[in-house]
Each structure stands twice: as C-alpha cells, then as structure tokens.
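Novice: As a plain string of letters, each chain reads:
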Amino acid sequence: MPTVLERARTVAAHSPSRLRSLGALTVAGLLLLGLVGGVTLDNRATAARDLATRSEPLSLDAQELYRSLADADATAASGFLSGGVEPAELRKRYDADIARAMASLSHATEVGGADAAGFAEVARNIPVYTGLVETARTNNRQGQPVGAAYLREASGLMQNSMLPAVNRGYQAQNARAAADADRATAFPWWLLLVALVVGAGLVLAQRDLTRRTRRILNPGLVAASLAVMLALGWALVGLGAEAFAMSGARAEGSDRVAAASEIRLIVLRARADESLTLVARGTGKEFEDRFQQETGRLTGEKGLFHKVLTVRHDEVDTILHGARTRFESWLAIHKKVRELDDAGDYPAAVRLAIGSEPTSAATAFTALDESLAAAIASGQRAFTSNAASARGAVAGAGIGFGLLCALGAAAAAWGVGQRLKEYR
Amino acid sequence: MKKSFLLVALVLGLAGCSVSAPEATPLPSAVPPRPVGVVEGPAALPSPVAPGAVPECDPRASLRPDGPLPAPGQMPAGSSMRRIQDRGRLIVGVDQNAFLFGYRNPATGQLEGFDVEMLRAVAQAIFGDPNAITYKVITQAQRIPVITSGEVDIVANTMTITCGRLQQVHFTTVYYEDGQQVMVQKGSGIKGPADLGGKRVCASKGTTSIAELAVLPAKPVLVAVDNWTDCLVMLQQGQIDAISTDAGILAGLVAQDPNTEIVGKAFTEEPHGMAISKSNPDLVRFVNALLEKTKANGEWAASYRRWLETRMGPQPPPPAKYLP
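Keeping their order, the protein sequence lines are chains P and F.
In this text, residue positions in the first sequence follow my numbering: the first is 855, and each later residue adds one.
In this text, residue positions in the second sequence follow my numbering: the first is 5, and each later residue adds one.
Simulated from the structure, these hints should not be mistaken for lab results.
On a predicted model such as this, the values are computed, not experimentally measured, just so you know.
Nothing false has been slipped in among the hints.
The following label-pair restraints were derived from C-beta to C-beta distances: (1) Ala1197(P) / Lys223(F): 47 to 55 Å; (2) Gly938(P) / Gly41(F): 23 to 31 Å; (3) Ala1202(P) / Gly302(F): 31 to 39 Å.
The list that follows gives simulated cross-link-like pairs (lysine-lysine, BS3-like), each with its CA atoms no further than 27 Å apart: (4) Lys223(F) / Lys269(F); (5) Lys1139(P) / Lys282(F); (6) Lys140(F) / Lys1190(P); (7) Lys140(F) / Lys1189(P); (8) Lys190(F) / Lys209(F); (9) Lys209(F) / Lys1139(P); (10) Lys140(F) / Lys1139(P).
Yeah, the Cβ is synthetic: ideal placement off N, Cα and C, and Gly gets one too.
In isolation and in its complexed conformation, chain F is listed as follows:
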C-alpha cells in the first residue's frame, strides 16, 4: 500500500516535471485563416453538365433592336422599360470585388468600373439620369438566380455568354471580348495552363473559368471562392499557386499586387454580355440598340480607355451579331 503510494507520487512528480520541461510541450501549429466559403477539390465544381445536354448555338447572337431608341423618360407604354421608368430606379446586379469591372472604391465607397459604366448608360437611356440606379452586390454564383427570380433587371458582372446560360437567361450583344489566362507570383516557374498539373488553382464559384480549369488536361487542384479578391488573398498568403480567369479580371488583381504576373496565352474565348430575364425580351432589344449607339458614338471607347486600355491594350468595340 505504502509502496504503491510512493510509486504514484513518483509518477505524478515526473509528470509534473515533464510538463514544465520545454521539449515535452506540444508546439501549437499555426492554422492559416481562410476566406469564408472556400471549397476545394472536386466539390469546387457544382453539378457538371453532361455533354450534349446543351444544344449548339452562337453565343454572340442576340435579339435585334426594333427601331431607334425612345427618348429618355418616354418609354413606350406596356414595355419593361416603362415599368422600370415608373418605378423610378433601375435595379442592377454587380460585383463589388472585380477591380476595373465592378468594384467598391475603398476611398469613396462608390461602385465603379467598366461593367458599372455600362449600366449607368442604361439608366441614362431610360431616365436621362445615370444615377437612377439601385445596386445589388452579387457574387458570380448569384448572377443567374437574381435574374430568374426577378430581383434585378440587369446583371453586368464579367459574365461570359454561353449556350448553357442562354437556356436560363437572355444576353445582350457582346460588350467586351476576353479570354482565360493564368496569374501567378513572379518567379513561380509556372509558364501557362500546361504547368498547372497538381497545382492549387483558384477561381470564383459558378464561373466558366472554374469549369474550364476542371477540363484542363494538366489536372490542377481546384479551389473555389465567393469573390475574385478572395483568390488574391489566398495567393498572397501562399495558400494557392495560381489564379485563372478572364485576362481583364486578372489584370485588375495584378494591379493590386506588383509581385504577381499573368503568364501564358489565352486558352478560351470569353465574350461578355449583360444578362436579362427571359420574360423581358423588349429590354434586351432596348439595351442592344443602346450598345449599338454607344459603340458608334465613341462612348464605349471612352469607357474602355478609362478602365481597360492601359492594361489590356487597344480593342475595337465588339461587333453586334443578331439572331436571324
């Protein structure tokens, strides 16, 4: 009895010593913080569309304008534009995290960018006032749901026109042409999409970019986030190896970090269009007429110069194509 007590005391004493000895204290490992909503691996790709489920189409062809633009504030009775005019505000869906396209200027709190300017032109055409807009900030994954639910009138959010998406929404004619590229830290050794095998590559959820990454022959590890800037945070924190999406969006990210660069050639075609509900074809025709006008009178070119030309090089206004 006494012996066992001594033994217990000895063991406890030793345990007490080992707790205070530094080598026995387990060093807590650092857990890197992660953006909210980040998803990795196969789960990053939502419901892959079976090949053949989407009919062939020309994504660039949209509805033809029916006649010249009505004067601002005088929308034809019974039209979608008239409903918007009577409401007093155009409700739009934009990104606030895509620098150059749709982003919140941290200095002023205002939403700015190429996409935002396209929408201000629409408000100008309907009301004669580019500020008659209510912005709803949406992620890429929310772009189609907010249109089909009728929550917003138009979405301009770096949205690629695809035959699959045309099943759910209308698109305007192309207002910007782009292609997918790869962005890395300088000196990473990655030269293009072919070097992405086994690398962790980030893109925003619900985009064509992540779908294209999934079918790359090099087989990268997909990392999907809610916003493009979340990808930049992860790149700066060393949690991913590359970001891949439209060159314009990448240019907006590179502009925020001089230690990064865009590598390789564009490996896809990404025509951007504004999305509008299937039940408002007259609004599609109206915006197409407006786009034709701004492309002709130099307004489009002025916007392009202001936001994209220095980083993307000169681009002529994309020609309008219409369905037969």
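Just chain P, with the same shape it has in the complex:
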C-alpha cells in the first residue's frame, strides 16, 4: 500500500511543475556559483593589485621616508663634529636625504596612506626642521656656539616627533600590506562550499531526469556541467598559480625587503649614536650603550643577519653576505674610535669616525648602507615580478568564471525547457 506521501511524490515526479522547479533550482545554483566564484576571483585580483600598487609601495615610501630623515639627522650631527664649514660630501648627502624624504612623502600622500595624520605631521615639520638646521649652519659659519643649540633643537624635533610619526605610518602601512597579502592568498572556502553543493545538485538533477525521462543524458545539463567544470578548472589553476606567485613574492620579496630595511634602520640609528657619543664629548655613555644594544640585535646566533641569511641562496642573499662583512668591519673601526676617545685623544677619534679616508668609520658605514640599499632593491624586484605573475594568474578570471556559470545556467534552462515541451 503506497502511503499518501509516496503517491504525492509519484504525481509530482510526473508533473511538469516538478520539472520546472528542478530547472529553476539548477539555474539558481549555477548563477549563485557564478556570483560567488566571480566575486572571490575578483577579490583576489584586487587584493593582488592593491598589494603590488598600493600597500607595498607605500610601505617602501614610509621606510624610505624614515631612512632619509634619520640619515639627514645623523649627517647633520656629523657635520657639526667636523668643525668649521662641513665637508661638501656631508652637505650633499644631507641635501639628497631631504630631497628623497620630500619625494617619498609626496608620493605617499598622493597614493593615500594608512596614516594620513602622521604623514601630515611630518609634512608640517620638514620645513621647520630644515629651517633650524640652516640657522645652525649660519651660526656655525659665523663662529657662534648658539649654532649647536639650534642643531640640538632640530635633532630633538626629528627624534621625538617626526621619526615616531613616520614610524607609526610605517607600522600602519605594513599592517595593511600584510592584510592585503592575507586577502590575496586566503583559502576560498565559500567558493569550495558552493561549488560542492552546486556540483552535487547538478549530478542529482541529471540522475533524476535520466530516471524519469528514460534518456541517458540531457544535453543542456551536460553543457552546464561542462561549463562549470571549465570554470572551476580555471579557478583552480588561477588561484593555485596566484597563491604560488604570491608566496614567492612574500618569501623572496617583501619578507626580505622588510628584514633588510629593519637592519638598515638599526645600523642607521647606531651610526647616529656613534656621532652623538662624540658630540656629547665624554658624557655620551647612554648613546654608546644604545649603540651596543642596537648592533647587538644584528650579530650572533639570534641576530637579524643570521636569521635572514639562512633561508635561501639568491641574489639578495649574496648581497646580504657582503653587508654582514661590511657591518663587521664597521664594528671593528667603531671599537677603535671608542678606544681613542676613551684614552683622551678626542680629535683622532672624531677624525676616525667622520673622516673620508678609506679606513674611517664613515667610509665603512657608507659601504654597509649601500649594500643594504642594494639588497632592498633586489628584494623589491623579486617582489614586483612575482606580484605581477600573481596578478596575471587571476586577471579576468572573475568575469570569466561568472560568464561560464551564466552560460551553464542558460544551457541548463534550455535543456530542462526541451523536456518541459514534451508535456505540452
């Protein structure tokens, strides 16, 4: 005895309304899949583009802004130590630093950073800072000790207000870049879920039609299945390639750029401390302590050099190896500077620290700074090429995926419609 329910089912199975809802469900499922897949792929493409054209360049801008401002300040301190009119190289270096700072700042402002308020504060203070340095220079040239006081005020503005503001912007920018990178490589759970449900639905619909109409295949549904498989295949390949390129961009690119930048900022601060110890002349122990503390973060088993060098063997690695050698020779010269100063030979200590001889700390530091800059540039190139392939892998995939699913939906509607006609 068939139950009421079973009888209702039998009626429904043979009614066109059952067929109609099956068709509608299939079409809706395919459209949903197209939407989810399209949005997912498009998001990935957007994230990859944001990372390559916004977040990462802005992180670099912020890093370059910090570096050039800190370097300008350290250079001004060296100029003070040199006595009289500062050497032309120092003046040139300071001018170049300010020009670079302004360029990175205006670029960062143009693109629109994560910390607009911080950049605005820096923008407001750069003319004040350079004004103070020029006043210091004028007074120094006239032999007036008040010049040193202007330089101290300038340095205080830089160290206590400007650099912390840049640093806040840099951190915010890095956080945004990391978020973009996560977004660009996140696992597409929604797409997977919807694809499974719709795929299962298509198989079930196919079976249902086969059972009911005694025809083995419905051409519309077969075409829809093919379109979905094509779309999913595209998504799979695209997303896989994108994730692979993206992880390459991180590992060979931005991670190494970040590590080399950190090392560069640390040695820059240490170089400023080396100068400030001499400026303080006998009462600069705090600066020397800080020098030891900063450089200590780079050396040894747990040091940053060790950490960044053990990973792989590429161009950046080679450059960083050279940088470590240069860093060690700078430390050796620094030790001599301290020995001379502590023994009371202040003029010789200053000469060794800021002179332009090949054996001076200034020369060693410049070489170190140059190789770190080269490492950053090389890492940046690796990032850019990887990020470009990542973008290429998913470029247009969102629209393509959506269109394929829409085509599938149309095919399914047509296929089911053919069966429906048989009822008329």
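Guided by the hints, dock chain F onto chain P, whose structure is given.
Specialist: Relative to chain P, chain F alone:
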C-alpha cells in the same frame, strides 16, 4: 527605504562638498619647536632647599695652600696630584655652550674660554703640558654629580660658590667675581628684574640663577633648559621674554646676537670657583697655590683680558681668602 537612501546620499554629497570647500578645512596651527629638555613653571626649580637647612658660611674662604708649588712632573708621592700625574691626563668637566667661559669653537671644534684656560693652567702645573687634558662636556646640572662620583678631577663651569654646594664639594678660591643680570631683546620695555612679573624668563637647570629668579618679588614664569645657548634660541624664536644669569654668561650670549641687550643692575653676587671632590683636599690646596701664582704673575690678567675685559670692563684679580 528609498527615501532614507536618498537622504544618506544627500548628506554624503554635502559632506563631500564641505571637505573640498576651503573655509571648512581646519588650518593646522604651527607648533614651535622647542629645545630638548625644556621645563616650565614650578617644575623648573628642583627640590627647593628649606631655609636654615644650610649653615651660614663665608663662601669665598677656601683651603690654604701648604707651601710652594711642586715642580711640574714631580708631584709629591701619595698625593691626588701624583695620582693624576701617573694617569697621564687631567680629567675635567667643562661647558661647551657658554661663550667666553667654556665653549666649543665651531670653526675648529676646540674647547675654549676663560674657564678652559684656568684648567689648562692646572694641567701645565701638574704635567708641564697644558694639553694633557681629557674634557668631559657637562651641563650645569651635572656639575656636582660628576665631582661626587669621581668621574672628573675638577669642574670649571661658571660655578658660583655657595654654602649649600660647599656641603657636597670643595671649592678653590674665587677666580672670577660676577653678579646676576637680565638680558632681553632690544626695545622689549623690560628695564630690570622688577619688570619681570609674569614674563617668561629662562635659565639653565641646576644653577643659582634659576634659584634667584624663583625668589624674585616680581614672580616671573620660570623656563629651565639644559644649556645657556638653548635660552638664546628660545629668545630668538620669541618663546621667552628674558634670560637671567651672571653678566659674563649674558655677555657671551649678547655677543652672538646684536639685537639683544643686558638691562638693569646686578642683583646678586656670584663668586666663581672650581669644584673639587671632598676627598681631594690636597688638590684644592694645590690649585689655590697655583691661582695665587697666576694672579700675581699676570697670567690671570692675560686670560681675563683675552676673554672678558672688552665686554665686562677691567677687574682686578679677586683676592684669595682662606679658612682659618
């Protein structure tokens, strides 16, 4: 629903307009840069000494020399001078920001001035070489700490001998007499200490000058900095109304800015002495003997002429006074 959407769009649109309209953009106000370590108001004065906590004394009286000066390079065995001679260098604390007294010549990077010359004379007397000196640059506030910690042998840094300071360190006999005055921009209308009521007046931390300003009946607003030149920077930037300290230091600041002047009469007495550790009384006696010699043989007068006479007028060598 649709209406509220329109409303939101309208509001957003208006907000967008007002951002681009110039009158709605808040003009950022200029924040004047300030010297590092500047302190204002009551906080400028560290731990006021309770009246009566310091015993009465004659600040000018120092330890009497015991006999004539030993020859350079032949300091008596066991003495502080012998320890310095064996070390090979005299370690001294000086200022590098007090023009005329102890300052860094920006052209050469050398430390120069009246105070520095006094110390070079001490090195000459111990080693026969005025250059056998290691300078430690200190602020006014560091003068007593570097002596009590033993970091330096002698401090010569425009230091006024006071009964309070004599509790912590020894002083030599007076090598320069001065008094506190007021320095302003020309045409400021301030004529002397009586006009300083409510005005912002700058002095270096840990000095007698700032302590004297705190007890002025006119009640100025105190601004304390680490170095005297920081006061000049603030005066030039219009952040303070006046600087007040020993006339000699003020003369060194006026020399760097012809738009400033010293006004009013000296309202304190500031005898300058060199500070030496309580545990080295023999070094005090030695330097006192040396001062007596340089005041007698014209060396003191030559230094005074070189650094101070054109700006401070003639001054005879301050007479030596000794404790009974």
